[in-house]
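Visitor: Letter by letter, the chains look like this.
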Amino acid sequence: DAKTTQPTSMDCAEGRAANLPCNHSTISGNEYVYWYRQIHSQGPQYIIHGLKNNETNEMASLIITEDRKSSTLILPHATLRDTAVYYCIVRVPNYGGSQGNLIFGKGTKLSVKP
Amino acid sequence: DSGVTQTPKHLITATGQRVTLRCSPRSGDLSVYWYQQSLDQGLQFLIQYYNGEERAKGNILERFSAQQFPDLHSELNLSSLELGDSALYFCASSLGPEKRSEQFFGPGTRLTVL
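Residue numbers (the numbering used here), protein chains in the order written: chain V, 219 to 332; chain G, -3 to 110.
Since the hints were derived computationally from the structure, they do not count as laboratory data.
Please read all numbers here as calculations on a predicted model, not as lab measurements.
Glycine included, every Cβ here is placed at the ideal spot set by N, Cα and C.
Don't take every hint at face value.
Coverage of chain G stretches by chain V, computed from C-beta distances (three or more under 8 Å per stretch; other residues unrestricted) [claimed, not checked]:
(1) 34 to 41
(2) 80 to 90
(3) 96 to 102
Given these sequences and hints, build the entire structure.
Guide: Next up, the structure:
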């Protein structure tokens, strides 16, 4: 899996959009960008993933640059409950039961403040 | 609620002892992963099973072993426990009938070795 670089921490005001960047300059053509988050000692939670097109779901939006060397996770209206560590992971999706473990870095600690 | 269950939630034991952690994957998911999260090491992949067979090994100690049963639940056995084995242990599952590649994590088992 390619390595990613994320800021150690970020703050965001409640109700504002939280934009979390991730650099993955060595990403391969068949690797996707996945985002997970972990709210204090709970199990990590899947957020979103994408290959090259922008993606949106009920939780967040994922913007991937055209050269795929970086991406941004957007939480459109951050709430206090979004305070968590956010992990950006690049990997080949595991569809066939082969090795598909996630490699977690240190992530970004997002603090949403009232 | 991810649909993945883990028992027990907390476990306190002494050095040298042996414990078993249990994981029930989401209904229909064939793959089970075990991760360890300690304060100094972050989230580390231990081992993966797919439909009863071991598929990948990560940083799993020889004192640790796992298996996946015909009903797809999995157990992680930790023996000759040391103080440094104190950590959160997470189970994740994926690859159900809909073949989604993202992993769904359980709430974890917090192991304390005294």
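Visitor: So, for every hint listed, does it hold in this structure?
Guide: Hints versus structure:
1. 34 to 41: Per the Cβ count (4), the hint holds.
2. 80 to 90: holds (count 4)
3. 96 to 102: holds (count 6)
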